[in-house]
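Student: If you read the protein sequences in the order shown, they are chains A and B.
Just so you know, we're using this note's numbering here: the first sequence kicks off at 128 and counts up by one.
Just so you know, we're using this note's numbering here: the second sequence kicks off at 128 and counts up by one.
The hints are simulated quantities; they were obtained by calculation from the structure and are not laboratory data.
Any given hint could turn out to be false.
Treat identical chains as interchangeable: a pair holds within one or across any two.
Straight-line alpha carbon distances no greater than 30 angstroms define the calculated DSS-like cross-link-like pairs of lysine-lysine that follow [said to hold, decoys possible]:
#1 K258 x K144
#2 K531 x K253
#3 K406 x K494
#4 K406 x K256
#5 K487 x K531
#6 K158 x K406
#7 K472 x K256
#8 K494 x K155
#9 K472 x K249
#10 K406 x K487
#11 K154 x K144
#12 K256 x K245
#13 K368 x K256
#14 K258 x K406
None of these values were measured; they are calculated from a predicted model.
Protein chains: 2
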Amino acid sequence: MTLKEYSKADLREFYKKQLSLLEDFKKKGLKLDMSRGKPSAEQLDLSNEMLTHCLDGDHISENGVDCRNYGVLDGIYEAKRLFMEMIGVGRWEIIIGGNSSLQMMYDVLAKAMLLGVKDSPKPWCKCEKVKWLCPAPGYDRHFAICEAFGIEMITVPMLSDGPDMDMVEKLVAEDEAIKGIWCVPRYANPTGVVYSDRVVTRFANMKTAAPDFRIFWDDAYCVHSLDDNVPRILNILDECKHAGNPDRVLIFASTSKISFPGGGVAIVGASEENINFMKAQMAYQTIGYDKLNQLRHAKFFRTYEGILEHMKKHRAIIKPKFDAVLDALDSELAPLGAGSWSRPKGGYFISFDGEPGTAKRIVALCKEAGVTLTGAGATFPYGIDPEDKNIRIAPTYPELPELKAAMEIFCVAVKAATAEKLLEA
Amino acid sequence: MTLKEYSKADLREFYKKQLSLLEDFKKKGLKLDMSRGKPSAEQLDLSNEMLTHCLDGDHISENGVDCRNYGVLDGIYEAKRLFMEMIGVGRWEIIIGGNSSLQMMYDVLAKAMLLGVKDSPKPWCKCEKVKWLCPAPGYDRHFAICEAFGIEMITVPMLSDGPDMDMVEKLVAEDEAIKGIWCVPRYANPTGVVYSDRVVTRFANMKTAAPDFRIFWDDAYCVHSLDDNVPRILNILDECKHAGNPDRVLIFASTSKISFPGGGVAIVGASEENINFMKAQMAYQTIGYDKLNQLRHAKFFRTYEGILEHMKKHRAIIKPKFDAVLDALDSELAPLGAGSWSRPKGGYFISFDGEPGTAKRIVALCKEAGVTLTGAGATFPYGIDPEDKNIRIAPTYPELPELKAAMEIFCVAVKAATAEKLLEA
Numbered sequence: 128m129t130l131k132e133y134s135k136a137d138l139r140e141f142y143k144k145q146l147s148l149l150e151d152f153k154k155k156g157l158k159l160d161m162s163r164g165k166p167s168a169e170q171l172d173l174s175n176e177m178l179t180h181c182l183d184g185d186h187i188s189e190n191g192v193d194c195r196n197y198g199v200l201d202g203i204y205e206a207k208r209l210f211m212e213m214i215g216v217g218r219w220e221i222i223i224g225g226n227s228s229l230q231m232m233y234d235v236l237a238k239a240m241l242l243g244v245k246d247s248p249k250p251w252c253k254c255e256k257v258k259w260l261c262p263a264p265g266y267d268r269h270f271a272i273c274e275a276f277g278i279e280m281i282t283v284p285m286l287s288d289g290p291d292m293d294m295v296e297k298l299v300a301e302d303e304a305i306k307g308i309w310c311v312p313r314y315a316n317p318t319g320v321v322y323s324d325r326v327v328t329r330f331a332n333m334k335t336a337a338p339d340f341r342i343f344w345d346d347a348y349c350v351h352s353l354d355d356n357v358p359r360i361l362n363i364l365d366e367c368k369h370a371g372n373p374d375r376v377l378i379f380a381s382t383s384k385i386s387f388p389g390g391g392v393a394i395v396g397a398s399e400e401n402i403n404f405m406k407a408q409m410a411y412q413t414i415g416y417d418k419l420n421q422l423r424h425a426k427f428f429r430t431y432e433g434i435l436e437h438m439k440k441h442r443a444i445i446k447p448k449f450d451a452v453l454d455a456l457d458s459e460l461a462p463l464g465a466g467s468w469s470r471p472k473g474g475y476f477i478s479f480d481g482e483p484g485t486a487k488r489i490v491a492l493c494k495e496a497g498v499t500l501t502g503a504g505a506t507f508p509y510g511i512d513p514e515d516k517n518i519r520i521a522p523t524y525p526e527l528p529e530l531k532a533a534m535e536i537f538c539v540a541v542k543a544a545t546a547e548k549l550l551e552a
Numbered sequence: 128m129t130l131k132e133y134s135k136a137d138l139r140e141f142y143k144k145q146l147s148l149l150e151d152f153k154k155k156g157l158k159l160d161m162s163r164g165k166p167s168a169e170q171l172d173l174s175n176e177m178l179t180h181c182l183d184g185d186h187i188s189e190n191g192v193d194c195r196n197y198g199v200l201d202g203i204y205e206a207k208r209l210f211m212e213m214i215g216v217g218r219w220e221i222i223i224g225g226n227s228s229l230q231m232m233y234d235v236l237a238k239a240m241l242l243g244v245k246d247s248p249k250p251w252c253k254c255e256k257v258k259w260l261c262p263a264p265g266y267d268r269h270f271a272i273c274e275a276f277g278i279e280m281i282t283v284p285m286l287s288d289g290p291d292m293d294m295v296e297k298l299v300a301e302d303e304a305i306k307g308i309w310c311v312p313r314y315a316n317p318t319g320v321v322y323s324d325r326v327v328t329r330f331a332n333m334k335t336a337a338p339d340f341r342i343f344w345d346d347a348y349c350v351h352s353l354d355d356n357v358p359r360i361l362n363i364l365d366e367c368k369h370a371g372n373p374d375r376v377l378i379f380a381s382t383s384k385i386s387f388p389g390g391g392v393a394i395v396g397a398s399e400e401n402i403n404f405m406k407a408q409m410a411y412q413t414i415g416y417d418k419l420n421q422l423r424h425a426k427f428f429r430t431y432e433g434i435l436e437h438m439k440k441h442r443a444i445i446k447p448k449f450d451a452v453l454d455a456l457d458s459e460l461a462p463l464g465a466g467s468w469s470r471p472k473g474g475y476f477i478s479f480d481g482e483p484g485t486a487k488r489i490v491a492l493c494k495e496a497g498v499t500l501t502g503a504g505a506t507f508p509y510g511i512d513p514e515d516k517n518i519r520i521a522p523t524y525p526e527l528p529e530l531k532a533a534m535e536i537f538c539v540a541v542k543a544a545t546a547e548k549l550l551e552a
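Isolated chain A, as found in the complex:
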């Protein structure tokens, strides 16, 4: 019987029970964190060799560059080769950057504001208004960059195979103030959605009013599969070229969740003309990124296949954690009809939708009982979830027993908040 089918009296009884369970949890003084998509220490151990003997006596790149010294603005070749296949671009279509793809995206957007991108009629900060499409639920740090620069965000609903393309096509065709869109194309954050071929081709072919519209294609989870296969998605750069819009897309990725978060390398891929434009802008900004860390990665992973092998080891650690979350939700909440959730085939998150108007309450109840979740609303522009129902669950960081304990609390919190909401109605 679902909670909606309960009698008022039974529901009241049920509600009291959940509150008392939460009181018990509080007394235990737990401190569990499911707030961010962080790898666990066990996952980081997989790359420890990179920190020690990886560069023993050898800091010269294949083509003779001493990686300890200045130079090579766009990254050493062996690092480019390693990541070209991963993000699906060619030799002249890639830059290897610093330690953070987020910073790279912020940077590209900052330069777009100040100087413009290729084909910009003027720097974006000279436009009366700059608007951005934000598929939601989405990644809070993407939205925060727009907020930092005063870019007006327009929410686009996420459907089961990508953003609502009818809405995207209509908006970008009509409004030249819309300069771009955030996309996480495979294993979208937090929904786990994998973009369909149809969505990719529509992105490549759509008419945009802005001549300098850019898709920020954040391929953060391109090799982060939870089953045996990396999902084949259409190559967005190829599709954009075929459509005659080669400069439309900027592909970002990093090894933050492959090697070390904050200690990895970031990557941007795009048309050769876009890359050359970006390099010309970058030449004012830096002499080069950390080539030693690029060399570490090239030596440690060797090939794209090496990365895929490495990701299998990650999967062996995190798959049981995703399963534990789903098991808890399936066994505790499904029978009660309390909420719905994604069953991702990759990425770092499970997206939970509660009864409308309960997300904030669930997060607060969890907090009181010792479980930190990503703030409710974080997955929407301006931190406002119009239905107050979406919660992002990040299963990777806690150890399995902790995760199970946290999910026990989460499920009780959902039950309590749902009953509370139904009793109000």
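Following the hints, complete the assembly by docking chain B onto the known chain A.
Tutor: Chain B alone, transformed into the frame defined by chain A:
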């Protein structure tokens, strides 16, 4: 006898002789590079241990942070402690950044343009005009950042103890469009000037029309002494505090020429309020910089004294190179009265001033004979040396025999260009 005292006939003979010497050099097909301030491989070897056993089995910071994972926006404490003393700031007055102080300066200026600095009435890009003071000869990459952002550069002459402060004080008091100044306070690039106490206090105390005026204090060579002592200069942040202008200065430094260029860490120091303001802006840009590299540096150098000891090893390698350059200039050019040059006590450069109107010609003659120098004019805003006389000599990168060969050519080129100019007159 100086060249100016030569008879026309003797000068013509002398000139021919130099041209024929240059022809001989050309035939040798040499390829020597004195263009950039790069450490030599021998210097980089000093830090090789950092690349191998430095982090063996230990990636946890003093206060328990796993440096392999996300977090700690402003840098780990042991790295802060290491560099606080180096740049003369306190615990809450420092951020440890990425691999490049140049990028940090670009970044701070980009954010100033887009968002403003603390106390900005509005973002600088919303001002009708932004101007910047550029002591010259100075660092070409500083000037390039201004050029990238369309900031109007005003040249200020470098005197023997710092920029012409009469001119600086007058300009900043009158013109609120002047938002800042580039300074390399000890071992200025390229003159080697060390700022006097009087210059530092005048910077701290001067009245500025702009309420958000900023000194970009690039302390790139703060420990790069060529004799036994790190030069004591007045602490600019302390002076600014005493003067009631605590937020006026931003101090930048890096380990690019201490450990590895491009593989080091960058540092910014400023008042606590400035630092908090910058951290709030940074929080939109990144989750954090490479803490593993910060930890490497903290473990390798341990203390500020450890850095100073390390710099003695650098000095042992580069001092003979500076001496070789000066010996060549002193023996070949001084007797002829051809040019004048700095005798730096630290830093990475020797600044050479030829006869007005000869710098471009000297660089071109050197190039033909196989020696690459920094482009003439590079040390001035917009690449235009009004007198066409300054050349920056970078002695550190070539091995000593190569450097001597390059200086032989340089001196002949100076002789030829000087004679040519005198013959024209």
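Student: Please go over all the hints and tell whether each is borne out by the structure.
Tutor: Against the structure, the hints:
Proximity of K258 and K144 under a CA criterion of 30 angstroms is satisfied in neither setting, with 47 angstroms inside one chain copy and 68 angstroms between copies. Proximity of K531 to K253 under the C-alpha cut-off of 30 angstroms is found in neither arrangement, the shortest distances being 51 angstroms within a copy and 52 angstroms between copies. In the homo-oligomer, the alpha carbons of K406 and K494 lie at most 30 angstroms apart only across protomers (26 angstroms), although the nearest pairing inside one protomer, at 45 angstroms, exceeds that limit. Taking identical chains as interchangeable, the C-alpha atoms of K406 and K256 lie at most 30 angstroms apart whether they share a chain (27 angstroms) or sit on different chains (27 angstroms).
Taking identical chains as interchangeable, the C-alpha atoms of K487 and K531 lie at most 30 angstroms apart only when both belong to the same chain, with a minimum of 21 angstroms there against 72 angstroms between chains. In this homomeric assembly, K158 and K406 come within 30 angstroms of each other (Cα to Cα) only across copies, at 27 angstroms, whereas the closest approach inside a single copy is 46 angstroms. For the homomeric pair K472 and K256, neither the shortest alpha-carbon distance inside one copy (38 angstroms) nor that between copies (53 angstroms) is at most 30 angstroms. Within a single copy, K494 and K155 get their C-alpha atoms as close as 13 angstroms, which meets the 30 angstroms cut-off; across copies the closest is 76 angstroms, which misses it.
Taking the closest pair of Cα atoms, K472 and K249 never come within 30 angstroms of each other, the shortest separation being 42 angstroms inside a single copy and 47 angstroms across copies. In this assembly of identical chains, the alpha carbons of K406 and K487 lie at most 30 angstroms apart only when taken from different copies (28 angstroms versus 44 angstroms within one copy). With identical chains, the CA atoms of K154 and K144 are at most 30 angstroms apart within one copy only, with a shortest distance of 16 angstroms there and 94 angstroms across copies. In this homomeric assembly, K256 and K245 come within 30 angstroms of each other (Cα to Cα) both inside a single copy, at 19 angstroms, and across copies, at 24 angstroms.
For the homomeric pair K368 and K256, the shortest alpha-carbon distance inside one copy (29 angstroms) is at most 30 angstroms, but the shortest distance between copies (40 angstroms) is not. Within a single copy, K258 and K406 get their C-alpha atoms as close as 25 angstroms, and across copies as close as 26 angstroms, so both meet the 30 angstroms cut-off.
Violated hints for the displayed structure, listed by number in ascending order: 1, 2, 7 and 9.
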